[in-house]
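> Spelled out, the chains give:
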Amino acid sequence: MSARSLSICHLFPEALNLYGDGGNILTLAKRLEWRGIEARVQEVSLTERPHFADFDLVFIGGGSDREQRIVCERLLAQKSELKAFAADGGALLAVCGGYQLLGHSYAMGEETLEGLGLIDLTTDRGSPRLIGNIAITSEICEHPIVGYENHGGRTHLGPGVKPLGKVAFGHGNDGKSGEEGAISGTILGTYIHGPLLPKNPGVADWVLARALEHRYGASELEPLDDSVELAANSVMYERLMRGEERE
Amino acid sequence: MGPRAAISKTAGRATSRLLRLLGRNASQLPGRVALALDPKLLQGLAGSLSEGAIVVCGTNGKTTTTNVLARAAQQAGFSVDCNWRGANMLAGITSAMLFDKGADWAVMEADELSCVHVLPQLAPRWLVLLNLFRDQLDRAGEIDHVQDSLVEALASSPSTGLIVCGDDPLSVGVARRAAEGGTRILAFGIDEELPPPPDRVPEARFCQVCGAELGYAWRAYAQLGDFSCPACDFARPPLSFKARGISVTSEGVSFDVMDGDGAPLTTIKAGFGGMYMVYNLLGAFAAASVMGVSPEAFSRALAGYDPKNGRLEHYRLGEREIVLNLAKNPTGFNQNISLMLADERPKAAFFVINDDYNDGKDISWIWDVDFERLAEEASAGRLRVVAGGHRAHDVQVRMKYAGMEAPIARTVAEAVAALEAEEGAKSGDPEPLYALCNYSALWPAKAELDREAEAL
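One line per chain: the protein sequences are A and B, in this order. Read in my numbering, the first sequence has 102 at position 113, and its numbers run on one by one without any break. Read in my numbering, the second sequence has 824 at position 42, and its numbers run on one by one without any break.
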């Protein structure tokens, strides 16, 4: 096969960099590189206007409240372009604050702000913040997904919207439903950082497979030796399941 | 001091004696016991200081700066109460003053979020704010919250002035708001152009006032440098203590200090540390100056400085040199990486990360550390890495994605064994091992080295 490449858009890294988000981009790039696929990562700053149609994968990370507000205002101006990108099968991964932006609305302090409306979900606020290690089981990958969550928002999925997975340890979307994250077509949103992808190679490959489909119409990914990643995953999963951590 | 305070002090002292008798750590509990009986005890204890108190805070460098400053005050002939070991919350500071016999000064480090409890009681003459970096997000919350808390602390103690690192936009953001409330400000910083640092600006890229992206004439590391906002008047303040002629090598740091008009005050030399140490020592010198400590006394304090507190301690284990240091957040790690790369010998690193409550349960910040800077040395066979701590497997994954293979070890001895297993029968001196540990990982490593290795 001739040399393949994917274009990855890292949105506003100067503002959305709260929880080691660079690690997600690094993981995507390395896992392509190890398979002989070129990763063309473009960092898009707040002063630029990204041309979403050029990309196969868009990543939105988490930021502080102040930064998230700036980012959302910025993205609302390109709402229809982002919608078209997702409708065209582009892969969109959104973590934490980025996840909240995907819905119809989200709350900040006493205010309710308009979201991007890419998935049928809404986010309001609750107390206390939901903070701590988290583990979920998901249909998109064989191994549990482990990481860390830290959010004041409570996210409610609309009828028919599939969660990313079921909470085995921790809080998830709202601390009550037993559900975490959301998946809609080629869009994946989650509160799990830590960051998300390095220790959950199945999630990384799910996102990369969607991006490959978008570019080449085929999603087969050559298997990699993930023993180091999966060891870290299972050490943490077992520690949580043994009850050594407060929930 | 009233009867309540007297009883609480007696109870605290008795607790301390009992703990010492049992060979236990007495840096927190005595203060906690005493404060339970009299929550305002620290205020009473502070009243007997003949000169007053200085409090040092900031994400990185508190313990070293406080120790240097307290030693300098002693060299100048003052008697000093100090929380030498870094117990820096209200209980720790109270514990450090329970046995006060009318000291001249209290020189205390305080946790950033504890200042709001400590300042109203201790009413220090000055608060030294060294820097603010992202650290322990799950406990401290966002940096905005830490800043708000410091502004509130200063508002609660109107007699306290602020000695601030003028090169740190986040600290200057605090100073600007405190000044609006009437706080006196003295700024220290570097007054010469520095070569571009290898790291990126991890936080505080935006103006504290208007949100525009800050510009830099030059940068020292992280967000520290000669910053200014292109859109408003937020910029580095005038400096009252300026460092020039800076030299940072693997042998340590040296620089000249000038006053605000550029008149020379002293030359500072220390056989340890990197660029971050220039700021720590400059901050300590600024505080020493306002305390009336002479530059000569300050130099004497530095010359004999050997705190044995796990910060940049050197050991020999068999034939191998071991360098132990604390690294607990991205900025601290990046500074340690600079320090390691300044050592021209082939070397090894043991990265030890725990996730106890005191460390912060969330270790996602290890992905913000620029470990990629080590990859070139590693691929040239001049650097090897070993992963350790409760989160050793996460460190191992981080190393893999930075292009390095790291075996896992539980102790320094195991790390050395892992290196030697790879070396086989290689001849020559073994490479030095840098053991870089976060907070709760530091003490077991230090205890092991104190027991098994020879201190250098």
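Derived by calculation from the structure, the hints in this document are not laboratory data. A couple of the hints might just be wrong.
Here are the computed distance ranges between Cβ atoms for each label pair [said to hold, decoys possible]:
{"#": "1", "chain 1": "B", "residue 1": "Pro978", "chain 2": "A", "residue 2": "Leu210", "range": "48 to 56 Å"}
{"#": "2", "chain 1": "A", "residue 1": "Ser116", "chain 2": "B", "residue 2": "Glu1158", "range": "42 to 50 Å"}
{"#": "3", "chain 1": "B", "residue 1": "Glu1101", "chain 2": "A", "residue 2": "Glu27", "range": "25 to 33 Å"}
{"#": "4", "chain 1": "A", "residue 1": "Trp23", "chain 2": "B", "residue 2": "Gly1044", "range": "19 to 27 Å"}
{"#": "5", "chain 1": "B", "residue 1": "Asn1140", "chain 2": "A", "residue 2": "Ser34", "range": "31 to 39 Å"}
{"#": "6", "chain 1": "A", "residue 1": "Leu213", "chain 2": "B", "residue 2": "Pro978", "range": "30 to 38 Å"}
{"#": "7", "chain 1": "B", "residue 1": "Asp1211", "chain 2": "A", "residue 2": "Ala42", "range": "35 to 43 Å"}
{"#": "8", "chain 1": "B", "residue 1": "Pro1012", "chain 2": "A", "residue 2": "Gly147", "range": "42 to 50 Å"}
{"#": "9", "chain 1": "B", "residue 1": "Arg1098", "chain 2": "A", "residue 2": "Glu62", "range": "55 to 63 Å"}
{"#": "10", "chain 1": "A", "residue 1": "Glu27", "chain 2": "B", "residue 2": "Gly1044", "range": "51 to 59 Å"}
{"#": "11", "chain 1": "A", "residue 1": "Glu211", "chain 2": "B", "residue 2": "Arg867", "range": "47 to 55 Å"}
{"#": "12", "chain 1": "A", "residue 1": "Trp23", "chain 2": "B", "residue 2": "Arg1098", "range": "52 to 60 Å"}
{"#": "13", "chain 1": "A", "residue 1": "Ser34", "chain 2": "B", "residue 2": "Arg799", "range": "55 to 63 Å"}
{"#": "14", "chain 1": "B", "residue 1": "Pro978", "chain 2": "A", "residue 2": "Trp23", "range": "45 to 53 Å"}
Cβ atoms here follow ideal geometry from the backbone N, Cα and C, with glycine treated the same way.
> None of the hints should be skipped; say for each whether it holds.
Okay, the hints, checked on the actual structure:
no.: 1; hint: B:Pro978 / A:Leu210: 48 to 56 Å; in the structure: violated (39 Å)
no.: 2; hint: A:Ser116 / B:Glu1158: 42 to 50 Å; in the structure: holds (48 Å)
no.: 3; hint: B:Glu1101 / A:Glu27: 25 to 33 Å; in the structure: violated (46 Å)
no.: 4; hint: A:Trp23 / B:Gly1044: 19 to 27 Å; in the structure: violated (55 Å)
no.: 5; hint: B:Asn1140 / A:Ser34: 31 to 39 Å; in the structure: holds (36 Å)
no.: 6; hint: A:Leu213 / B:Pro978: 30 to 38 Å; in the structure: holds (36 Å)
no.: 7; hint: B:Asp1211 / A:Ala42: 35 to 43 Å; in the structure: violated (59 Å)
no.: 8; hint: B:Pro1012 / A:Gly147: 42 to 50 Å; in the structure: holds (43 Å)
no.: 9; hint: B:Arg1098 / A:Glu62: 55 to 63 Å; in the structure: holds (58 Å)
no.: 10; hint: A:Glu27 / B:Gly1044: 51 to 59 Å; in the structure: holds (53 Å)
no.: 11; hint: A:Glu211 / B:Arg867: 47 to 55 Å; in the structure: holds (53 Å)
no.: 12; hint: A:Trp23 / B:Arg1098: 52 to 60 Å; in the structure: violated (40 Å)
no.: 13; hint: A:Ser34 / B:Arg799: 55 to 63 Å; in the structure: holds (60 Å)
no.: 14; hint: B:Pro978 / A:Trp23: 45 to 53 Å; in the structure: violated (31 Å)
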